[in-house]
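Enquirer: Sequence:
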Amino acid sequence: MEKVKTKRLGELLLDFNYITPKQLEEAIKHQQKTKKRLGEVLVELNYVQPDDLIQVLEFQLGVPHVKLSNYIINPQLASYIPEHIARRHNVVALEKKGDKLLVAMSDPTNVVAIDDIEMTSGLKVEPRIATAQEIARAITQVYAFGEEDTTDIIASLDIEFQADEEPEIDELQEMVEDAPIVRLANHIISQAIQMNASDIHIEPMENEVRIRYRIDGVLNEIMTAPKYTQSALISRLKIIADLDITKRRVPQDGRISVNMGGMKIDLRVSTLPTVFGEKVVIRLLTKDTSLINIEKLGFSRNNLNRFKNLIERPHGILLVTGPTGSGKSTTLSAALNYLNSPEKNIITIEDPVEYQLHGINQVQANPQVGLDFASALRSILRQDPDIVMVGEIRDEETARIAIRAALTGHLVLSTLHTNDAVSSITRLVDMGIEPYLVASTVIGVVAQRLIRRVCGSCKERHEPSPDEMVLLGEIEEKDRFYRAVGCSKCNSTGYRGRIAVHEVLVVDDKVKELIVRGANEPEIKDYCIKSGMTSLVQDGIYKYKEGITTYEELVRVLV
-11 MEKVKTKRLG
-1 ELLLDFNYIT
9 PKQLEEAIKH
19 QQKTKKRLGE
29 VLVELNYVQP
39 DDLIQVLEFQ
49 LGVPHVKLSN
59 YIINPQLASY
69 IPEHIARRHN
79 VVALEKKGDK
89 LLVAMSDPTN
99 VVAIDDIEMT
109 SGLKVEPRIA
119 TAQEIARAIT
129 QVYAFGEEDT
139 TDIIASLDIE
149 FQADEEPEID
159 ELQEMVEDAP
169 IVRLANHIIS
179 QAIQMNASDI
189 HIEPMENEVR
199 IRYRIDGVLN
209 EIMTAPKYTQ
219 SALISRLKII
229 ADLDITKRRV
239 PQDGRISVNM
249 GGMKIDLRVS
259 TLPTVFGEKV
269 VIRLLTKDTS
279 LINIEKLGFS
289 RNNLNRFKNL
299 IERPHGILLV
309 TGPTGSGKST
319 TLSAALNYLN
329 SPEKNIITIE
339 DPVEYQLHGI
349 NQVQANPQVG
359 LDFASALRSI
369 LRQDPDIVMV
379 GEIRDEETAR
389 IAIRAALTGH
399 LVLSTLHTND
409 AVSSITRLVD
419 MGIEPYLVAS
429 TVIGVVAQRL
439 IRRVCGSCKE
449 RHEPSPDEMV
459 LLGEIEEKDR
469 FYRAVGCSKC
479 NSTGYRGRIA
489 VHEVLVVDDK
499 VKELIVRGAN
509 EPEIKDYCIK
519 SGMTSLVQDG
529 IYKYKEGITT
539 YEELVRVLV
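When we follow my numbering, the leftmost residue of the sequence shown carries the number -11, and every step to the right adds one.
Here are the simulated distance ranges between beta carbons:
id: 1; residue 1: GLN371; residue 2: ASP241; range: 27 to 33 Å
id: 2; residue 1: VAL547; residue 2: HIS405; range: 16 to 22 Å
id: 3; residue 1: GLU106; residue 2: SER480; range: 25 to 31 Å
id: 4; residue 1: SER329; residue 2: LYS21; range: 46 to 52 Å
id: 5; residue 1: PRO454; residue 2: ASN98; range: 52 to 58 Å
id: 6; residue 1: ASN333; residue 2: ALA124; range: 39 to 45 Å
id: 7; residue 1: LYS21; residue 2: ASN98; range: 17 to 23 Å
id: 8; residue 1: GLU209; residue 2: GLY461; range: 37 to 43 Å
id: 9; residue 1: LEU2; residue 2: ASP103; range: 29 to 35 Å
id: 10; residue 1: GLU540; residue 2: GLU209; range: 19 to 25 Å
id: 11; residue 1: HIS405; residue 2: ASN333; range: 24 to 30 Å
id: 12; residue 1: ASN184; residue 2: ASP103; range: 33 to 39 Å
id: 13; residue 1: ILE73; residue 2: VAL206; range: 31 to 37 Å
id: 14; residue 1: PRO330; residue 2: ASP497; range: 30 to 36 Å
With a straight-line Cα cutoff of 27 Å, these simulated DSS-like cross-link-like pairs (lysine-lysine) come out:
id: 15; residue 1: LYS477; residue 2: LYS112
id: 16; residue 1: LYS284; residue 2: LYS477
id: 17; residue 1: LYS112; residue 2: LYS55
id: 18; residue 1: LYS513; residue 2: LYS531
id: 19; residue 1: LYS518; residue 2: LYS531
Treat the hints as calculated values from the structure; they're not laboratory data.
Note that the structure is a prediction, hence the values are computed from the model and not measured.
Each residue gets a CB set at the ideal place from its N, CA and C atoms; glycine is no exception.
Please take these sequences and the hints and turn them into a complete structure.
Expert: What follows is the structure in structure tokens.
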């Protein structure tokens, strides 16, 4: 085995049938001209795929390879490797373990790079192999907003105001332009993006400023900043979002866009005066439309078929329901993406436009100038649409216009805030819509929740307890149960990412009859379950049995 490991890279690639002798010969000629490393040349010539090269290098050198997409790289690790060294040697820090620094390198034999990192960090380098492209992408993300960690930034602040004093506006203007405050604000945003947070909460407390991130639907305290940074930090964020820093006693809303590692991200900024100062919440909205795929929404095969059958109907109203943050907009955008074609005129009215979809006419609601959902929907119906999406049915007026659109041959997609599918039917009736109109226009309702996925890197097999068995009912040999543990890749939470659970109600003739005669929710739900609808809880149980989530997460969200 030792003998094989000392083989040259070219010989190993031949042994693995990744290249031909002629390709190796041409690559060596090219290498002699360019003075580049053989592996780099082979990738450039498209003779070897980067992932294949990494596997062979791992075999040759005995250095483990890593897939950086599986890592949440903490920007604070950038303090161990200055940006110019990272870019010169194409390296990025992954993890600190005691006196060791795990470093991803495209060339782990580069002793000069290892020496440079060990000298600047004071730590022993433990190399890992990753593709040059992945490392370059990670470097852009880690150093995009500066390389200092929070402690270093706060230590460099030179603000002499007492915690209970509020600086004057002219003093505040000077403070917010101070480099450390700029770096602190940028660092908070960049770290939230790195950690896949959906929201940043910057909260003035009595003696400090608390910073929390909502990750996978759960708030986590990430750091605290000294009280004396409060005015300058919050004002800096307000300036970025084009808000008025002189107004501290009234709520304000604004938005900014940033480019992080090639991905455009919208930040919606909201301020709220509290007893200890202005609280700021920043909602992170990615413009990456790769997620908008109907096949990737977490639907079971049965639910996906039911959902597709509904959105392929020529007319009627389809509602997606659930609490705030349950993925309703993503589901609707995926449905529109699926339906989009040159033969269809699709128009949306949204607040805000979260995903920009090519070929679809999207309108941003603006109630301040009278462009609310109801008025926009009236205008949209004069634009000869085939499919209309309304961000939310909030009132009777919007509901009536949507019903009129469905009755005149349009497919209308929208959302409601209700607990389950059946209660959406009764919500429309409660709004003042006659039951016969609801029955004749609503074709179906999708209720959904988001539950966290158990982390694939640290999950452990688990035998269901007697309490769990009460909920699970019968289990089969193929069922796999896991519990959350926690590791560096999931920020010690035991969970990474989320998946939706659904119930898809199809309004058939019997459901129409029940609606018209004013049947109550339990009666309608009982019929729907008997006719094939999977409830939210049952869909969650299936995902637990498939090893996707945990019992604790199931109970937290659904039970």
